[in-house]
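Trainee: Read off the chains here:
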Amino acid sequence: MLTYSARRLLYSIPVLVLSTFLSFVFVSYAGNPLGALRSNPRFSQNTILLLTKQDHLNDPVVVRYWYWIQNVVTHKLGTSLLTQQPIWPDITRTMGHTAQVIIISEVLALILGVAVGIFSAIRQYSFFDYTFTTVSFLGFAMPTFWLALLLQILFVDIYLKWNVRIFYTAGLNNPGYGTWSVDRLQHIALPVATLCIISFALYSRYMRASMLDVINTDYVRTARAKGMSEWHVIMRHVFRNALIPIVTIAALNFGALLGGAIVTETVFTLDGIGYYFVQSLQTSDYYAVMAYLVITAVAIIVFNLIADILYGYLDPRIRYD
Amino acid sequence: MPDPVLSIKNLAVEFKTDDGIVHAVDDITYDVLPGETLGIVGESGSGKSVSTMSILGLIPIPPGRIASGEALFKGVDLLKLGKKELQKFRGDEVAMVFQDPMTSLNPVLTVGFQLDEAIKTHYPKEPDKKVKERTIELLGLVGVPNAAARYDQYPHEFSGGMRQRAMIAMSIANSPSLLIADEPTTALDVTIQAQVLEVMKTVQEATHAATILITHDLGIVAELCDRVLVMYGGRIVEEGDVHTIFAKPRHPYTIGLMDSLPKLTEDEEWLRPIPGQPPSLINRPSGCAFHPRCFLSQGRARCREEIPSLEQMETEGHQAACHFDGELVGYKSKFSKPVAAGGGS
Amino acid sequence: MTEPVPMGPQIASVEPSLQSAPSAPPGLTDTTVEAGLEFKVRSQWDYARRRFFRHRLAMAGLIGLIILFGAGIFANYIAPYSYSEIDLNNILAPPSLHHLFGTDEIGRDYLSRVIYGIRTSEEVGVFVAVLSTFIGLVLGAIAGFYGGWIDNLLMRFTDLVLTLPFLAILLTAAALLGQGNQWRVSFILAVLFWTGTARVVRGIFLSLREKEYVEAAKAAGAGDLRIMFRHILPNTLGPIVVSGTLAVATAILIEAALAFLGFGIRPPTPSLGVLIQGGQTNPQQWWLTIFPGITIVLIVLCVNFVGDGLRDALDPTQRRVRA
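Heads up: the sequence lines are chains P, S and B, in that order.
Just so you know, the numbering used here puts 199 at position 199 of the first sequence, and the rest follows in order with no gaps.
Just so you know, the numbering used here puts 291 at position 291 of the second sequence, and the rest follows in order with no gaps.
Just so you know, the numbering used here puts 288 at position 288 of the third sequence, and the rest follows in order with no gaps.
Treat the hints as calculated values from the structure; they're not laboratory data.
Hints are supplied without guarantee of correctness; some may be wrong.
Covered, in the sense of this in silico footprint (three residues per stretch, anywhere, with C-beta under 8 Å from a C-beta of chain S), are these stretches of chain P [unchecked claim]:
{"no.": "1", "stretch": "141-155"}
{"no.": "2", "stretch": "205-219"}
{"no.": "3", "stretch": "222-230"}
{"no.": "4", "stretch": "234-248"}
Glycine included, C-beta positions come from ideal geometry on N, C-alpha and C.
Okay, chain P solo, but in the shape it has when bound (with noise of 0.2 Å):
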């Protein structure tokens, strides 16, 4: 299991000098830093001439790219060329709240997901069965924009109609209030909400997909002829087989997850790193973009890092890959 583990994570870092260094090249070769500077009268020649020499704009690609990474290394991910400012304090605060956000919804998506998923494959073809097969479509075709949308305006007209604040729908919270408040927890709800549901869909469906699936294995009916009861049937043989693969898709799904913060963060303007993703690009922040790349890239690997070891400690046959 040690050895497993081990493994997974020397594998996962390259992976990360791989990734980062992609995107960097993209976003280098693509953008152009300071072309928004130049063409800005305020900036004498000699400041461009200082910056680029500063951050080293004319080394090759490779040269840039070991600089940016002993400033990440140092904890500056460089300065936003926006603000000046350095971007790390920045990504920290944003990263915070958009993890708040993304947990609770991950969290409450699993474990409904799962519940509706073993109900619906054990009580086949019932009426709760169709209802929950039914939301779980209407969640795959739902864009996530859109959901978040209408439980805006959804929360918005109540309020302009009843005068009655029941979940907020802007904003992280009112001055004054801490991260786990109330008044938080109104404001999150409708994020939360939204991309709970979106994961909720996938969750169930594949739980029952996987539940079906292990129902009908061989192993499944000699358990039966052992004579053991329906119950324990499947709390003990059928529940941890069927969500070995729910770990695979959770993992997966965590980089949608990223992705469809980004887009209730925007809807709901929450100060997310999400929604400092969307604002460097539009102001094309180069260097806060590539921040934002890397620290995604690294929760995305960490957290698939997670998974393999929750995947190779419930199903024993990974663990000699």
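Given the coordinates of chain P, work out where chains S and B should sit on it, guided by the hints.
Mentor: Positioned in the frame of chain P, the structure of chains S and B alone reads:
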């Protein structure tokens, strides 16, 4: 004659499919006596597996349906039992060994755990240590080397033959009165087959359980069985003790089966398979299910129109379902010289 | 019948046409067919077609798609108004008989705009699906067939692509490379979409190239390309059709998201995503948000149903038991 351990009467099992109703088992009746090994022989789709799985309630009931019949195990009709009561019999008095050892064990649990489970399901009060000892003892009985170490291993660390031995061990854990083995060696290499058969013989001697051995391999039947049932198209076409059946078969299908076996001690130029395909169980041939492929029928109307019923032959206990079995009197199969004795002696 | 009938062994010596032995004597009706011995010879495609048409949801999806996509294709004839006909007397009007979907901020008929939006979505979806499937097919085939370092390279690359959120990559690409133009955006999408198909195709090629019939073909002198095309490729058609269909749905969703965020297709090209964006600034005019959104949902649902149906029809290992 002692009371039969299992007494099947007029069992019929159907499946509803998109293409129609599949008559998997059509009105079969047979008994299994204590301690004997009954072989059920037939091609794929002859209904041999379905008949035994339905006894234990292992057929998925929405598409499947027990159309009629009884399955009396020591006097109790298993088909009429509720789920909970049936579970008490499964794995305890009536045990089953399945065909594919690769998929029949849960890959994420240790073999030891799964064997323990077989015991603990029926004897939950037994202390864990005792159960583990018993499991290791069983693994040793079936010939798994280094049983104590193997106890903690996962199924994928066992070879195919060893897995099947573990399955057999699991089935006899609670000393069942009836053991059903559904093609236990079909998925294994030939040399491993021989080993597993040895294990089954050992097990028979140790437990004296009545065994139903389902197979399409006549060689296995000759090795292990006391009596034989031949099934075709969901019906029993011939029944009798193993010596008689091998020496004096009285159904064209049985003859066809034996003929299709190559014989090592003679020079044959051509193999002689039974022509045609197994019948569709949705659209069975009218009358005798075998008539389209039967060399004896030769298009005679009676074969097409009337389902033959099992009739007594000269030897006690030997029955065959053929309208024209009289014409087969005097036929000697290539096994009419005594071959391996059946049933463990 | 008293004479001994010839036994099995004797008839067998008439061999090799054993089939003729037990069949009915001439003059009698063909018992083999009645006997259920003869199976109607159905090709694989026949089975697939039958299964597809039996799949109710897939049929519903197909009909839905015909209607929706048809509306898009014939937009010019169906849309009651021109896409950009402005009527300043009638801005932000709720749905009515004249304007079934209402009007937007400058009085344009919303129904027409939605219809044209459907057309754009269609074009993007199909283009992306076809192009990305093609790219994925070629790359996956090469990787799976030749294996070795080519395969490794491809797999590492597709893994890398997965380390970033898809939307983020696309946004970056769209922001940097091509905004506004429908075809540029479609191209970018396609270039990043192929990884899914490539994996599937690679898997199939990898597993099939070891098969005996490939070895036999090689022994008979068939060149690599021929083996790939004649022997292995047909096996990929099923999964490719399925993944291509589902790619249409994903492409439409992502294009809409891009447009909504402002990085994708821009006006004047109609896009359902852009329409929904308009809905955000006018929360009380619910029709601005609802209609384009429902349209997207319907299109994607229909595509998904058809994709599911195709998957059921083309995958022979389906274990669906219908009571």
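Trainee: Could you run down the list of hints and mark each one as holding or not?
Mentor: Against the structure, the hints come out as follows:
1. 141-155: Our answer is that it is violated, as 0 residues pass the Cβ test (under 8 Å) against chain S, missing three.
2. 205-219: Per the Cβ count (3), the hint holds.
3. 222-230: holds (count 9)
4. 234-248: Answer holds; 5 residues pass the 8 Å Cβ test.
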